[in-house]
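This is what each chain is made of:
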Amino acid sequence: MSGGTRAPRVLIIVPAWNEQDSVGGTVAEILSAVPGADLLVVDDGSLDLTAVRARAAGAIVCQLPFNLGVGGAMRTGYRHALRNGYDVAVQIDADGQHDPHYVAALVDRLGGGADTAPADVVIGARFATPDDPYKVRGPRRWAMVMLAAVLSRLARTRLTDVTSGFRVSNRRAISLFATHYPAEYLGDTVESLVIAARAGCTITQVPVTMRARTAGRASHSPLKAALYLFRAIVALLLALVRDWPAQIEDGDEAIAHREVAAEAHPQEVQPR
Amino acid sequence: MSGVTILGLAGSAIILLALFEMMRRHRLREKYALIWALVALLIVTVAAFPVLLIRTSAAIGLEVPANLLFFGASMVIMVLTLQHSSELGRLEERTRTLAEEIALLRLEIDQHRSAAAGEHDVLHPDRQQNETRE
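These protein sequences, in sequence, are chains A and B.
Here my numbering is used: the first residue of the first sequence is 1, the next is one more, and so on.
Here my numbering is used: the first residue of the second sequence is 273, the next is one more, and so on.
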């Protein structure tokens with residue numbers, strides 16, 4: 001690695017669980033939309049052909065031995081990013097909901113600009129503009145609004161979509177998420193943002209338009225939506241009272257740097 | 273000897289015997305055995321000297337000594353269950369970490385294998401092309 005201003009090394013992490021019908025298309029689309037980035041599909045213990053199709057489409061595939069949930073898949077991805085010295089990690093869902101053409105804008109936002117401060121985590125957010133075609137109603141909508149309001153206060157910025165699984169993290173956030181990324185309900189979205197905000201990471205968002213899911217999995221039953229609201233409140237309260245690290249520990253970072261150094265320059269570490 | 277005494281003694285004897293047998297067969301870790309041994313000893317004491325229970329409940333102001341027994345028993349069970357839940361959570365977190373590490377190790381082995389197998393890197397066809405071009 002030579003010094004100077006090199007382009008950041010970007011790892012795109014796609015958690016996938018039984019997504020054999022959509023993962024191939026998603027991988028192909030990401031690879032063509034974001035050239036130069038490495039693409040890691042974390043197969044979260046799928047029982048179908050997810051891993052095979054992702055590999056065939058050109059992704060690096062990491063297979064978990066059993067299903068851990070999005071949180072487990074993502075922490076695996078962040079660990080891979082940390083150990084291999086990536087500068088930026090991008091999280092994209094495998095179901096094709098997220099348009100990879102936004103990745104460049106999200107990554108650019110990390111560094112900030114003339115009138116914007118740099119950020120550690122950038123969320124690709126729905127509901128940021130009044131003409132957003134993505135519509136959610138009822139208890140599910142209330143839950144999203146409530147979560148967004150609380151997280152906005154915590155992060156001291158306006159966040160409209162904290163349950164978005166489309167986000168970009170820099171080195172600082174990667175090293176935090178590689179250690180602390182909850183596997184519980186809403187842990188992969190809401191709680192991980194609470195952790196980041198509490199650890200002093202700067203969180204911001206970029207408006208994106210999301211597509212409707214190709215497979216109709218989002219349920220519209222009012223009972224399920226009410227349950228979602230209830231579980232969201234519980235998850236949020238838990239996240240808020242939990243004892244997370246006040247800031248990124250020096251110890252963790254030191255270990256991370258050592259691992260990164262060993263990965264980047266193996267010949268220097270290994271005795272000849 | 274009253275029926276209550278016999279019941280209490282028999283119950284604690286069964287617990288102690290089961291404890292001993294499970295420890296002997298390496299089926300129980302000593303940290304759990306200690307808790308259960310304390311529970312069994314408490315039952316033995318109360319069964320052998322019911323007067324202790326009667327005096328204590330009178331001192332607190334309970335009219336029926338059995339209520340104190342039930343309260344104590346339910347508290348012990350609650351604490352033990354809670355401890356098991358927390359223990360279970362810790363184990364889940366550890367299996368999760370292990371699963372993640374295994375997945376990453378598998379990936380690394382795959383990459384080494386394919387790098388060793390041939391000239392071109394199967395996992396990074398694009399990168400390989402870029403490197404050879406430069």
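Derived from the structure by calculation, the hints contain no laboratory data.
Ideal Cβ placement from N, Cα and C applies to all residues, glycine included.
Accuracy of the hints is not assured; some may be wrong.
Unchecked claim - Facing chain A, a subset of chain B residues (Cβ under 8 angstroms, in silico):
#, residue
1, Gly344
2, Met347
3, Ala375
To be verified - Partner residues are not named here, just some residues of chain B that face chain A (Cβ under 8 angstroms, in silico):
#, residue
4, Arg296
5, Leu324
6, Gly361
7, Arg362
8, Leu363
9, Glu372
10, Ile374
Stated by the list, open to error - Computed footprint of chain B on chain A, listed as stretches where at least three residues anywhere in the stretch have a Cβ under 8 angstroms from a Cβ of chain B:
#, stretch
11, 56 to 63
12, 73 to 84
Minimum beta-carbon distance criterion (8 angstroms), B/Ile374 to chain A: Cβ of B/Ile374 sits 6 angstroms from chain A, so the hint holds.
Restraint satisfaction for B/Met347 [CB to CB of chain A, less than 8 angstroms]: Since the shortest Cβ distance to chain A is 25 angstroms, the answer is violated.
Hint status (Cβ of B/Leu324 to nearest Cβ of chain A, threshold 8 angstroms): With a closest approach of 40 angstroms, the B/Leu324 hint is violated.
Interface hint compliance - B/Gly361 to chain A, C-beta minimum distance less than 8 angstroms: violated (10 angstroms)
Interface hint outcome for B/Gly344 [beta carbon to chain A under 8 angstroms]: B/Gly344 check fails; min Cβ-Cβ to chain A is 31 angstroms, beyond 8 angstroms.
Chain A contact restraint on B/Ala375 - CB to CB distance below 8 angstroms: Nearest chain A Cβ about 5 angstroms off; hint holds.
Closest C-beta approach of B/Glu372 to chain A relative to 8 angstroms, hint status: Check passed: Cβ of B/Glu372 comes within 4 angstroms of chain A, closer than 8 angstroms.
Chain B covers the stretch 73 to 84 of chain A, three or more CB atoms within 8 angstroms, holds or violated: Three-residue rule met by the stretch 73 to 84 of chain A, so holds; n is 5.
Within 8 angstroms of chain B's CB atoms, at least three CB atoms from the stretch 56 to 63 of chain A: coverage verdict: Contact hint for the stretch 56 to 63 of chain A vs chain B: holds, 5 residues under 8 angstroms.
Residue hint B/Leu363, partner chain A, criterion CB-CB below 8 angstroms: violated (13 angstroms)
B/Arg296 as an interface hint toward chain A, with CB separation required under 8 angstroms: violated (34 angstroms)
Hint status (Cβ of B/Arg362 to nearest Cβ of chain A, threshold 8 angstroms): violated (13 angstroms)
In summary, the structure is inconsistent with hints 1, 2, 4, 5, 6, 7, 8 from the numbered list given earlier, while agreeing with the others.
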